[in-house]
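Colleague: Line by line, the protein sequences are chains A and B.
Following this note's numbering, the numbering of the first sequence begins with 1 at its first residue and continues without gaps.
Following this note's numbering, the numbering of the second sequence begins with 220 at its first residue and continues without gaps.
Since the hints were derived computationally from the structure, they do not count as laboratory data.
You may find that some hints are simply not true.
[As the list claims (entries may be wrong)] Restricting the straight-line Cα-Cα distance to at most 25 Å, the calculated cross-link-like pairs of lysine to aspartate or glutamate (DMTMM-like) are:
| # | chain 1 | residue 1 | chain 2 | residue 2 |
| --- | --- | --- | --- | --- |
| 1 | A | Lys-88 | B | Glu-335 |
| 2 | B | Lys-306 | A | Asp-113 |
| 3 | B | Lys-353 | A | Glu-101 |
| 4 | A | Lys-134 | A | Asp-113 |
| 5 | A | Lys-32 | A | Glu-162 |
| 6 | B | Lys-307 | A | Glu-176 |
| 7 | A | Lys-110 | B | Glu-317 |
| 8 | A | Lys-155 | A | Glu-116 |
| 9 | B | Lys-329 | A | Glu-176 |
| 10 | A | Lys-145 | A | Glu-117 |
| 11 | B | Lys-306 | A | Glu-116 |
| 12 | A | Lys-87 | B | Glu-335 |
| 13 | B | Lys-306 | A | Asp-133 |
| 14 | A | Lys-88 | B | Glu-320 |
| 15 | B | Lys-230 | B | Asp-332 |
| 16 | A | Lys-88 | B | Glu-336 |
| 17 | A | Lys-88 | B | Asp-332 |
| 18 | A | Lys-32 | A | Glu-18 |
[What the hints assert, rightly or not] Every beta carbon over 10 Å from chain A, so not counted as near; a handful from chain B, in silico:
| # | residue |
| --- | --- |
| 19 | Leu-221 |
| 20 | Leu-235 |
| 21 | Gln-239 |
| 22 | Lys-264 |
| 23 | Ile-284 |
| 24 | Leu-304 |
| 25 | Asn-309 |
| 26 | His-333 |
| 27 | Leu-334 |
| 28 | Phe-357 |
| 29 | Ile-370 |
| 30 | Ser-376 |
| 31 | Phe-387 |
| 32 | Gly-397 |
| 33 | Phe-408 |
| 34 | Ser-426 |
[Stated by the list, open to error] Among chain B residues calculated to face chain A with C-beta under 10 Å, some are:
| # | residue |
| --- | --- |
| 35 | Met-220 |
| 36 | Leu-238 |
| 37 | Leu-247 |
| 38 | Leu-308 |
| 39 | Phe-310 |
| 40 | Glu-314 |
Every residue, glycine too, gets a C-beta built ideally from N, C-alpha and C.
2 protein chains.
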Amino acid sequence: MLSQSEENYLKAIYSLSELQGEAISTNLLSEKMSTKPSSVTDMVKKLSDKKLISYKKYQGCELTIVGKKMALQIIRKHRLWEVFLVKKLNFGWDEVHEIAEQLEHIQSTKLTDHLEEYLGFPRFDPHGDPIPDKNGVFEKINKSKVLSDVIINGKGSVVGVEDGSSGFFQFLNRYEIGLGTEIQVIEKFDFDLSILVLINGKEISFSSVVANKIFIQLL
Amino acid sequence: MLSQSEENYLKAIYSLSELQGEAISTNLLSEKMSTKPSSVTDMVKKLSDKKLISYKKYQGCELTIVGKKMALQIIRKHRLWEVFLVKKLNFGWDEVHEIAEQLEHIQSTKLTDHLEEYLGFPRFDPHGDPIPDKNGVFEKINKSKVLSDVIINGKGSVVGVEDGSSGFFQFLNRYEIGLGTEIQVIEKFDFDLSILVLINGKEISFSSVVANKIFIQLL
DNA sequence: AAATATTTTTAGACAAGTCTAAATAAATTA
DNA sequence: TAATTTATTTAGACTTGTCTAAAAATATTT
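Please put together the full structure from these sequences, using the hints given.
Modeller: As structure tokens, then:
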């Protein structure tokens, strides 16, 4: 059985590996974990002893098959709980991450599986991220095209948002943007990369920062 | 913010105080917590520094007003989660305690309150124990009369069971005994204190051990 | 390729929560 | 009440996960 800290490291290594295929450096991981590199060295040694990552001094680390499976189970729990909080307990997008960070460490496979069934086997969490099944299998999607990439007059619906700050989620709430919201691009401005869009009949201007965090599926 | 360990000590002190009004001795607490007395001494010092218990050397400890409030909030969470697990996720009586022991440490008042609302403000958990409200107020009840106390031909319904081993819960499941089950006493045997009862039209004989763990409200 | 800068690891420390063994206080018994 | 037993505390140690500071390895620059 893993400690919460060990689980958090596995999750962090997993998510960094998704972005950059190669071995994850000590410094990068320490930044992600908000710890010092020396702490990371200690932890990767321990996880390596447990065969959850492969690690050679000065060479960074990488998840083993087993380690990856465990990471995916934690992510599975995190995302199922997020669905629960939003769908059943009426939490907003912006509020669920912190709580799910705690709930993801509850140890009970049966609980996870019952929860999944209770929620109707959802395949995506409230941010559009796919939920691994009990074997760790999930649909790779869709978070490829970003609002900034949509051409003028192009139309699409929101399939996800960048996992991000609670400020960003509040911003999305303010404009009533959620999964499935339809957005049409009216105009794009080169000088500051901002973008003018039509949402629910209203024209709104987004900065490039925002436009790069909203994932779109073309219609 | 309290650690899980500190929370567990508060809970233990609370439940021991309910049984025996006085100050709780170090040894008793160590037994309840399955730790050594020396560990308890360390912890009660810490909790005393935080003004959650009053403690003088060699005199045992007692919850302060604040400490009692915190204990009740943890118990509140524990029991709400038990209701969730049984009512929504179809867990059995015998399976929920361990999981609720983990869930009770999740930190989010909003979560607890939303959960309570979602469950329809239940006043008792699946074992018949009362659920404190957000101010720590709860109905003191009912766990006074035990099946053994019911006179011959007396009839009552189950209002609770002793918080106990999972073996006991499995036993109850086996005979389809739950909260609200009606039981009539047919005969009592002095030589071994066993008792013959009628449940759902069937005659069943219970040992005194069992008969002392089932709480009854007379009809 | 040598010098410099960066990354990573090692060594030693600390807090939390536990333990064992020894010392001390309180309670009980003779 | 003195002796003995039991309960409690103290002292020192261990583990986990972190830290700082220094050393070592790797990478980069000139």
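Colleague: For every hint, state whether the structure bears it out.
Modeller: Comparing the hints with the structure gives:
Distance check on the hinted pair: A:Lys-88 and B:Glu-335 sit about 12 Å apart at the alpha-carbon level, within 25 Å; holds. With a C-alpha separation of about 16 Å, the suggested pair B:Lys-306 and A:Asp-113 falls inside the 25 Å cut-off, and the hint holds. About 24 Å separates the Cα atoms of B:Lys-353 and A:Glu-101, which keeps this hinted pair within 25 Å; it holds. The hinted pair formed by A:Lys-134 and A:Asp-113 meets the criterion: a straight-line CA distance of about 8 Å does not exceed 25 Å.
Restraint check for A:Lys-32 and A:Glu-162: satisfied, since their Cα atoms lie roughly 16 Å apart, inside the 25 Å limit. For a cut-off of 25 Å, the pair hint linking B:Lys-307 to A:Glu-176 is broken: about 30 Å separates their Cα positions. Simply put, A:Lys-110 and B:Glu-317 have alpha-carbon atoms about 12 Å apart, close enough for the 25 Å limit, and the pair holds. Taken as a hint, the A:Lys-155 and A:Glu-116 pair is broken in the structure, with Cα atoms around 33 Å apart against an allowance of 25 Å.
With a CA separation close to 22 Å, the supplied pair B:Lys-329 and A:Glu-176 stays within the 25 Å bound. In summary, the hint linking A:Lys-145 to A:Glu-117 is not supported, as the alpha carbons are separated by about 31 Å, beyond the 25 Å threshold. At roughly 15 Å between alpha-carbon atoms, B:Lys-306 and A:Glu-116 fall within 25 Å of each other, so this suggested pair holds. Note on A:Lys-87 and B:Glu-335: the hinted pairing holds, with a Cα-Cα distance of about 15 Å set against a maximum of 25 Å.
For the hint pairing B:Lys-306 with A:Asp-133, the CA-to-CA distance comes to about 24 Å; that is within 25 Å, so the pair holds. Proposed proximity of A:Lys-88 and B:Glu-320 is supported: the alpha carbons are some 22 Å apart, at most 25 Å. Only pairs whose Cα atoms come within 25 Å are accepted, and B:Lys-230 paired with B:Asp-332 is accepted, the gap being roughly 20 Å. For a cut-off of 25 Å, the pair hint linking A:Lys-88 to B:Glu-336 stands: about 11 Å separates their Cα positions.
About 13 Å separates the Cα atoms of A:Lys-88 and B:Asp-332, which keeps this hinted pair within 25 Å; it holds. Note on A:Lys-32 and A:Glu-18: the hinted pairing holds, with a Cα-Cα distance of about 14 Å set against a maximum of 25 Å. With a minimum CB-CB distance of about 14 Å to chain A, B:Leu-221 clears the 10 Å threshold, and the non-interface call stands. The claim that B:Leu-235 is not at the interface with chain A holds, since no C-beta of that chain comes within 10 Å of its own (minimum 27 Å).
The Cβ of B:Gln-239 lies farther than 10 Å from every Cβ of chain A, with a closest approach of about 33 Å, so its non-interface assignment holds. With a least beta-carbon separation of about 26 Å from chain A, B:Lys-264 lies farther than 10 Å from that chain, consistent with its non-interface assignment. At roughly 27 Å, the least C-beta separation between B:Ile-284 and chain A is larger than 10 Å, which holds for a residue marked as non-interface. Listed as outside the interface, B:Leu-304 is inconsistent with that label: its C-beta sits roughly 7 Å from the nearest C-beta of chain A, within the 10 Å cut-off.
Not every Cβ of chain A is farther than 10 Å from the Cβ of B:Asn-309; the closest lies at roughly 7 Å, contradicting the non-interface assignment. Not every CB of chain A is more than 10 Å from the CB of B:His-333 (nearest about 4 Å), against its label as outside the interface. Interface exclusion of B:Leu-334 from chain A breaks down, the closest Cβ pair being 6 Å apart, not more than 10 Å. No Cβ of chain A comes within 10 Å of the Cβ of B:Phe-357; the nearest lies about 22 Å off, and the non-interface call holds.
Every CB of chain A lies more than 10 Å from the CB of B:Ile-370, the least distance being 42 Å, so the non-interface label holds. Listed as a non-interface residue, B:Ser-376 keeps its Cβ farther than 10 Å from every Cβ of chain A; the least gap is roughly 29 Å. For B:Phe-387, the condition that its CB be more than 10 Å from all CB atoms of chain A holds, with the nearest at approximately 20 Å. With a closest Cβ-Cβ approach of about 19 Å to chain A, B:Gly-397 is found to remain outside the 10 Å limit, as its non-interface label requires.
The claim that B:Phe-408 lies off the interface holds: its Cβ sits roughly 40 Å from the closest Cβ of chain A, which is beyond the 10 Å cut-off. Interface exclusion of B:Ser-426 from chain A stands, the closest Cβ pair being 31 Å apart, more than 10 Å. Using the Cβ-Cβ criterion of 10 Å, the hint placing B:Met-220 at the interface with chain A is not satisfied: the shortest such distance is roughly 12 Å. At about 29 Å, the closest approach between the beta carbon of B:Leu-238 and any beta carbon in chain A exceeds 10 Å, and the interface hint on this residue is violated.
The beta carbon of B:Leu-247 is not positioned within 10 Å of any beta carbon in chain A (closest approach about 29 Å), and the interface hint is therefore violated. Of the supplied interface hints, the one on B:Leu-308 holds, with its beta-carbon coming within about 4 Å of a beta-carbon of chain A, less than 10 Å. Interface restraint check for B:Phe-310: the shortest CB-CB distance to chain A comes to about 7 Å, inside 10 Å, so the restraint holds. Given the 10 Å rule on beta carbons, the hint for B:Glu-314 holds: about 7 Å separates it from the nearest Cβ of chain A.
Violation of the numbered hints given earlier is confined to hints 6, 8, 10, 24, 25, 26, 27, 35, 36, 37; the remaining hints are satisfied by the structure.
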